[in-house]
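Asks: So you can see what is in the structure, the chains are spelled out below.
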Amino acid sequence: MHYTRVSDMLVAGLLLTAGVGIYLSSQSISAVSFDPLGSAAVPKLLSVVLIVLSGIQLLVVGKGIIQKTNSNEEIKEETKENCSRKTSLYFIAFVWVAIGAYVWVLSQRALPYSVVTLFFCAASVYFLTGNKRSLIKGSIVGLVAGLTIELIFTKVFFIDLPSFW
Amino acid sequence: MEDLLVAFSYSLSAWPLFLIFIGTSVGVFMGAIPGLSGTMMIALCLPLTFFMAPPAAISLLVSIYVGAISGGLITATLLKMPGTEAAIMTTLDGYPLASSGSPGRALGLGITASFIGGVVSWFALLLLSKPLSIWATKFSPFDYFSLVFLALILIAVISKGSMLKGIIAAVLGGLLAIPGMDHSSGLPRLTFGLSEMNSGFEALPMFIGLFALGTVLSDIMGGGEATKPIEASRKGILMTLKDYKKHGINLIRSSSIGTIVGILPGVGAVIGSMVSYTVAKSVSKQPDNFGKGCEEGIVASEAANNATVGGALIPLVALGIPGSLNDVLLLAALMIHSIQPGPLLFVNNPELVYTLMTSTLIANILMFIIMILSIKWISKVSSIPKEILYTLVIVASIVGAFAFGNSFFDVWVMVGFAVLGFLMDRFDYPKGPLAIAFILVPLAEEKLRTGLQLSDGDFSPLYTDPISLVLLILALILLCYPFISKYISIGHLVKTENKTIDATME
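Chains as they are written, first to last, in this note's numbering: chain X, 12 to 176; chain W, 2 to 507.
Treat the hints as calculated values from the structure; they're not laboratory data. Be aware that one or more of the hints could be misleading.
[Claimed, not checked] Ranges between beta-carbon positions, derived for each pair:
{"#": "1", "chain 1": "X", "residue 1": "T28", "chain 2": "W", "residue 2": "L195", "range": "15 to 23 Å"}
{"#": "2", "chain 1": "W", "residue 1": "L480", "chain 2": "X", "residue 2": "S39", "range": "30 to 38 Å"}
{"#": "3", "chain 1": "W", "residue 1": "Q341", "chain 2": "X", "residue 2": "V17", "range": "41 to 49 Å"}
{"#": "4", "chain 1": "W", "residue 1": "I373", "chain 2": "X", "residue 2": "G73", "range": "50 to 58 Å"}
{"#": "5", "chain 1": "X", "residue 1": "Q119", "chain 2": "W", "residue 2": "L239", "range": "51 to 59 Å"}
{"#": "6", "chain 1": "X", "residue 1": "V155", "chain 2": "W", "residue 2": "L374", "range": "24 to 32 Å"}
{"#": "7", "chain 1": "X", "residue 1": "T15", "chain 2": "W", "residue 2": "G292", "range": "15 to 23 Å"}
{"#": "8", "chain 1": "W", "residue 1": "I478", "chain 2": "X", "residue 2": "V17", "range": "30 to 38 Å"}
{"#": "9", "chain 1": "X", "residue 1": "I147", "chain 2": "W", "residue 2": "I373", "range": "31 to 39 Å"}
{"#": "10", "chain 1": "W", "residue 1": "M164", "chain 2": "X", "residue 2": "T15", "range": "15 to 23 Å"}
{"#": "11", "chain 1": "W", "residue 1": "L195", "chain 2": "X", "residue 2": "T15", "range": "30 to 38 Å"}
{"#": "12", "chain 1": "X", "residue 1": "V17", "chain 2": "W", "residue 2": "Y482", "range": "29 to 37 Å"}
[Unchecked claim] Computed from the model, here is a short list of chain X residues facing chain W with C-beta under 8 Å:
{"#": "13", "residue": "I40"}
{"#": "14", "residue": "P47"}
{"#": "15", "residue": "L48"}
{"#": "16", "residue": "P54"}
{"#": "17", "residue": "L57"}
{"#": "18", "residue": "L61"}
{"#": "19", "residue": "A112"}
{"#": "20", "residue": "V114"}
{"#": "21", "residue": "V116"}
{"#": "22", "residue": "C132"}
Here the structure is a predicted model, which means the values were calculated and not measured. Backbone N, C-alpha and C fix where the C-beta goes; we use that ideal spot for every residue, glycine too.
Next comes chain X alone, as it looks inside the complex:
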């Protein structure tokens, strides 16, 4: 569990907004004459349920926040946790950006899969260990995995990966 009550409320708020958005989008789903229930009924029903449940979650968490504001010691502890969590947010964002970049480079088909994977694995292992020596380890893993996967998937399974061959 790595969240504060405020962020829990934000998530509930996001879900509520998503529910409203889906409900409004469902209004444009057209019905057919032979179908008594219609194509829009289930999305509308589920989005209403999501809105209600997210609202309840907001109230439950909000009530917890109000009660907790009576205790200054507990707020101080949460603030300390918040600070260390902010540091890891950069780490989290970096990991996601790295994965996104890997997929984007592959999708451009400018480089073969094995080459992109070699760089990704080397960077990934280095980043996860923080150790320069692990660059070599990561590169070997990337080279073997990249070449093996590229060969098998393109030559045996005929998958259209960006390839040397």
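Assemble chain W onto chain X, guided by the hints.
Replies: Only chain W this time, still in chain X's reference frame:
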């Protein structure tokens, strides 16, 4: 009987047997590594099965399932880290027994209990699934809808953590299944004008994202504590006749509990092992020994968690309703191979059903042999550097998602679901209800719409049909039970406090 024998002859032939051996071995190894799971491995292997015939694909996937459930006990016993959730209860007694100088004994009890649990539930699968499927063919669309609705409620209510978050996750899963072409009208729903969305979110990229990539990323962020590992030993690993006499009743009882729990849709091995452990403790002559290296605890937990495998396959095979998360992936595998799961599976594809059964039994036997013979090697698996494992899982997830449709759109969908899975882990929203609802909500909608088309829009068969009525009432009871039980316990607490106050005043 003849179909079963034909299935055995298929499963024991070279290629399927090789696949079952590989699947079981890989499953055991994956199950032994904390942070990696059978669910992840099945999700990653799904793309590989495109190139196989359906019976071979099912043989591979079900063997991974069997292996992974069992593999978790190794690190649970030697490292105090359950390799899979199912082995959590085994940790309580496995590690203390192993660290008291009997690692072989602890492992042997767990491995044998796993085997017996798997075999007992296999017999239940063999005996119960066909009669259940025959009964289910008499279901009307409304009955089927009510059954699926009950399964959805059960999954959300029994999920880990907050029930409210479980239900929200299930609703979200249902909503994520909606985008795409509506089967009834042929018109797009919630596609937002994107042609790639006409086929909706595919199950495979979703599963890989949620359970492989999302989980690995949660683990990367989460970290873990180090424990002093124990050297694996084969000394005392095989149970003697005296051990069977001592633990026989526990084995049968725990296997039965695991089988019954496994049948309940959405309830997995972890609940089965918890219930069985609790029952074993309550009937034990030495309940205080539980948690301190008690052999009964290991036997109860491991027999039950493996028994849930066969139990969970019963509703999958008979009704097309997945009994556990891994069964959702097996269901996805059937759908990918254009096989329609449901009660008619026995009629339309009996060879597939019996192959699934025979593969399960053979996988159980191979699991026992593999674990007994290679215990030392398997225990070394946990020393593979995590950074390499995680990197390989990320790479495999991306190529697996791409291989599904030769499209990077699926990869982006997979990454999106990985973000969702990561956020769900972060904010304690259970992923199981989401995944199961993703599969079951379209089924429920289809049945309800079919029923209403047949009844000209009349909803009354939902409550006039006895089967449907009973199922809906059960669903309602399940939904209300947590609140009712809370109310009863508060009332009981108030009465007790009042009695105490009265006694004090006297």
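Asks: All hints are to be evaluated individually against the structure, with a verdict given for each.
Replies: These are the hints, each one checked on the structure:
1. Hint check: X/T28 to W/L195, Cβ distance near 20 Å, so the stated range 15 to 23 Å holds.
2. The given range of 30 to 38 Å is respected by W/L480 and X/S39, whose C-beta atoms sit roughly 32 Å from each other.
3. Taking 41 to 49 Å as the suggested C-beta distance range, the pair W/Q341 and X/V17 conforms, at roughly 47 Å.
4. Our hint of 50 to 58 Å for W/I373 and X/G73 holds, since their Cβ atoms are close to 55 Å apart.
5. As the Cβ distance of X/Q119 to W/L239 is approximately 57 Å, the hint placing it in 51 to 59 Å holds.
6. The beta-carbon spacing between X/V155 and W/L374, approximately 28 Å, falls within the hinted interval of 24 to 32 Å.
7. The supplied range of 15 to 23 Å is broken by X/T15 and W/G292, whose beta-carbon atoms lie about 33 Å from each other.
8. Restraint check, W/I478 to X/V17: a C-beta distance of roughly 36 Å satisfies the suggested window 30 to 38 Å.
9. Checked against the hint of 31 to 39 Å, the C-beta distance between X/I147 and W/I373 comes to roughly 38 Å, which is consistent with it.
10. Between W/M164 and X/T15 the beta carbon distance is about 21 Å. The supplied range of 15 to 23 Å therefore holds.
11. Distance hint check: the CB atoms of W/L195 and X/T15 are about 35 Å apart, consistent with the given range 30 to 38 Å.
12. Against the hinted window of 29 to 37 Å, the Cβ-Cβ separation of X/V17 and W/Y482 comes to about 32 Å, which satisfies the hint.
13. The restraint placing X/I40 at the interface with chain W holds, with a minimum CB-CB distance near 5 Å, inside the 8 Å limit.
14. Using the Cβ-Cβ criterion of 8 Å, the hint placing X/P47 at the interface with chain W is satisfied: the shortest such distance is roughly 3 Å.
15. A least Cβ separation of about 5 Å between X/L48 and chain W falls short of the 8 Å threshold, and the interface hint therefore holds.
16. The criterion of a C-beta within 8 Å of any C-beta in chain W is met by X/P54, whose closest approach is roughly 5 Å, and the hint holds.
17. At about 5 Å, the closest approach between the beta carbon of X/L57 and any beta carbon in chain W falls short of 8 Å, and the interface hint on this residue holds.
18. Evaluation of the X/L61 hint against chain W yields a held restraint, the C-beta minimum of about 5 Å falling below 8 Å.
19. At its closest, the beta carbon of X/A112 sits 11 Å from a beta carbon of chain W; the interface hint therefore is violated under the 8 Å criterion.
20. Interface hint status for X/V114: upheld, as the beta-carbon distance to the closest one in chain W is roughly 5 Å, under 8 Å.
21. With its C-beta approaching chain W no nearer than about 11 Å, X/V116 sits outside the 8 Å limit, and its interface hint is violated.
22. Checking X/C132 against chain W: minimum C-beta separation of about 5 Å stays under 8 Å; hint holds.
The structure shown violates the earlier hints numbered 7, 19 and 21.
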